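Using the sequences and the hints given, assemble the complete structure.
These protein sequences, in sequence, are chains A and B. In my numbering, each number is its position in the first sequence, counted from 1, plus 346. In my numbering, each number is its position in the second sequence, counted from 1, plus 10.
These are computed hints drawn from the structure, not numbers from a lab. Keep in mind that the hints are not guaranteed to be accurate.
[To be verified] Computed from the model, here is a short list of chain A residues facing chain B with C-beta under 7 angstroms:
#1 T466
#2 A494
#3 E581
#4 E584
[What the hints assert, rightly or not] Residues from chain B that keep clear of chain A, each with C-beta distances beyond 10 angstroms, as calculated:
#5 M108
#6 Y131
#7 P165
Remember, it's a predicted structure, so these values are computed and weren't measured experimentally. By construction, the Cβ of each residue, glycine as well, lies at the ideal position given by its N, Cα and C atoms.
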Amino acid sequence: MGGIGAPEHLIVNGKRLDGRKFDELRPIKIKVGAVPNADGSASIEQGETKITVGVYGPREVFPRHMAKADRAHLNVIYDMAAFSTPERARPGPSRRSTEISKVIADSLAPAIFLEKYPKTAIDVYIEVTNANAGTRAAAICAASVAIADAGIEMRDLVTSVASGKADGELVLDLFQPEDNFGEADMPLAIMPRTNEITLLQMDGDLNRDEIKKLVEMSIKACQKIYGIQKLALKEKYETEKVGIEESEPAAQGGK
Amino acid sequence: MKRGGYIMADKLFVKDHDVVVPGEELAEGLDYLPAGKAFRDGEKIFAATIGLVSVKGHVLKVIPLAGKYMPRRGDVVIAKVTGIGHSGWTLDINSPYMADLNIGEASSEYIDTNRHEMSEYFDIDDYVLCEVITISDAKFVKLTAKFRPYRRLSPGNIIEVSPTKIPRIIGKQGSMINTIKDYSKCEISVGQNGWIWISGEPEQQARVARVIKMIEKEAHKQGLTDRVKNMMEGK
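As structure tokens, then:
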């Protein structure tokens, strides 16, 4: 630990600085349908981290040469609003946001039936409006809900959480001071139905046993977040359920 | 149940009309068949989209509640002409794929391109009521407008609704759409792709558009036919 503005301790009296236990998540709120003009959308609030995701597609690919003959092109753009961090973030793509876009796309792709939409593009726009650690994990949770909201066929949702090590303790769902001054940071994404891992990154110092323990902790937490994701989706669609399937198609009488 | 020497318990985890999310487990065991947007993975059946479950005997169907229009053979669609080529037209069918209308499929008569301009038949920005005849593996969609009622749609009002709500707008055996037609005296064509063409008295056109938008928004509610009647009577 150390650095400018670092708090003396990240763990005080067996609790974290925001009063959480080591394996406690921040409060999570997911809202489906946050962007009316998008085909599917969701917004997530995880503690102070706030993200909005809009999904467009499947639609025609632009530029045309990106089209794949056998599956859809998944285009993820992660962007941080200029006002999302205490210090103004320079607008536009950066080295960091390009990398995060790529890892998010890679973690979402296994869950989507991309092969059902050949020659199309699925565009996922992720806008971080307030960053307080764990943005890529929260973005993955919101993006998979938004893709489901767009009616795109999926094998499963994708759920993600970042965990790490602060003051020598393994902690779940890091918030800003732990992320900045902790010893390690490990985002992980899974498909909750099978517990298959679709994203695993690690930055900092952890030994083999610690990683094992963190993976276990994260998977357990992901199952909790999965419940929130499911609930958010059902909340929007539960009201729409009566009478959709009233008729067979093409039953219209010509005049 | 006994199958192949071992006992198998077939389990159903959902009820008819349940809302399910992608990846949600619907049933276990080989006795159930996935249909619609449901898929099998090993011994279990899962939902692939957000949708409604329909259980009919052993068939487990997931009816999607959202999604873009994906063309299927036999669909009646309303298409917009976006390009004219040497031997046909290119049309937008409100889906990720463009569709082709070949000159031989455009009319029941022979079209002599030496004597007529292609645009005399279908011009750019015209709306055409047509049917999907084939979709190749490479997702080239072919349309036909050879026979009645397929034709170029005369000036009218085109409105867009979610393709998943089209069955509700048509109603059982066309009951809903026929009610609207009877009251408004408008000509209405509904495309499976979510585009609806309305032609008639301007006032009635506007009323029909309002009613259809209402149906789209409140598709989940019961007793819509009565509300539609009330709205059409101007109440």
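Hint by hint, here is what the structure shows:
| no. | hint | result |
| --- | --- | --- |
| 1 | T466 | holds, 4 angstroms |
| 2 | A494 | holds, 5 angstroms |
| 3 | E581 | violated, 10 angstroms |
| 4 | E584 | holds, 5 angstroms |
| 5 | M108 | violated, 8 angstroms |
| 6 | Y131 | holds, 21 angstroms |
| 7 | P165 | holds, 17 angstroms |
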